[in-house]
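Q: One letter stands for each residue in the lines below.
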Amino acid sequence: MDIQKYISSGILELYVYGALSEKESREVSRVLKKYPEVKTEVEEIEKALLTLSAATAPNNAEHLIASIKEKLSKPTTTTAPVATPVRTINWITYSGWAASLLLLIGLFVFFNRTNELREDLQAANARNIQMEEQIANAREDAEKAEELLAVIRNRNVQRIPLKGQQVAPEAFASVYWNTEENTAYIDAKDLPEPPRGKVYQVWSLTMQPLTPTSIGLLADFEADDNKVFSLENQNQSEAFGITLEPEGGSETPTMDQLYVLGTVAAP
Amino acid sequence: MPLFIFFRLYIYILLLRKPHFFMQQDALILELQNGNERAFERIYHLYSESTYGIIYSIIRDEKIAEEVLQDVFLKIWDKAPSYNSDKGRFFTWILNIARNASIDKIRSKDFKNDQQNLKTDNFVDILESKTNFSEAVDSIGLKKYIDALKPVCKKLIDYLFFKGYTQKETSEELDMPLGTVKTRNRICIDKLRAMVIK
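Keeping their order, the protein sequence lines are chains L and A.
Once you know that position 104 of the first sequence is 119 in the numbering used here, the rest is easy, because the numbers rise by one and skip nothing.
Once you know that position 40 of the second sequence is 63 in the numbering used here, the rest is easy, because the numbers rise by one and skip nothing.
It should be emphasised that the hints constitute simulated quantities derived from the structure, not laboratory data.
A couple of the hints might just be wrong.
[As the list claims (entries may be wrong)] Chain L is faced by these chain A residues, among others (derived, beta-carbon under 7 Å):
#1 ARG112
#2 PHE146
#3 LEU183
Every residue, glycine too, gets a C-beta built ideally from N, C-alpha and C.
Construct the complete structure from the given sequences, taking the supplied hints into account.
A: This is the structure in structure tokens:
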């Protein structure tokens, strides 16, 4: 097909007018889809005719679009054109409220959580202080126990058991006597608590003649948990005894209040 | 996240407002056929002025022509799914609707008789008497074109384009062979194209 001849025949102008028969028009449509230069030609004819007819319009018709759109039938969708913006506005409003509400809830939760955390922290601090005290106590106890253990293990220490006497047959005490350091440790765990206003007094005894020498008082008996008392003893003791005396102690032992008594084994 | 959604929405609205950014002619017609109102607006923007011109050249009454123009575009909306590009151009399809609606109107009973005697005039009279043209039209060039246009061209364009006569009807009306109608008309339109395309 001679396309240039086809174009210059003038059939395309009649095609755009709609002046051809249906059969002829279908034929041109077919050619147009096949040859791009025919399509370009048709588009140019169309543009010229659009310009010419637009020039015969008495005025611009753009303003009519609004009233035409109102009358458009909606075959596929029931959404009115006005409904969309209204719905959008509602949506934006609601999302605004929803956002504020979420923010409020968020702040409330956050505030609560902060308070909980603060209380937890205070509780933890209190526990910490308690634990520290307990640790300090335990360390102190451990130190004491170690000290006592060291005393017992010392090769220069002699253990003298003191047996219960008539006043208190159940009573019992031990003396750990370090002869090198001249120190006597009194383990008074099995002595009954002294009555109010009375105090235990420890005596060093030499036998011939029987001479008692005070080596000290078991002060603060109730308060001491270990009931181990360290006293200085420079005497050549042959026996140890503990008597109950009035507060402050006595010059000589009250023999009828002798609780425990034990002799030092001969070396 | 919400910011991102709003941004996308904004872009989407922008694109919808300027459909020619993403719609080619064929796609635009397809969208119209699917009932897309934005596509309809664009089609209206592209064809309403020309359609109005065709209607007015037949009816010669601004108010009535406006009414017919609205009816024509309502028909375009309703009948769009029936348009088939195998049968002809979309512009031609619109032309036929506009001419038929206009002719129906002037034949109807409520159309006043005194307006019918204007029927003897053609598009040339409208252009010659017109003072205000839209920005899209080179009014000086167009007036020059009309002035230089041979009487036979005026008649050919009036019958074939504005009144929608067939090639055969035009041939009979002007007492001119069918082939001559075709070639003569092409010469007349070539000058118009030269004026419009330049």
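Q: Taking the earlier hints as the rules, which of them does this structure contradict?
A: none
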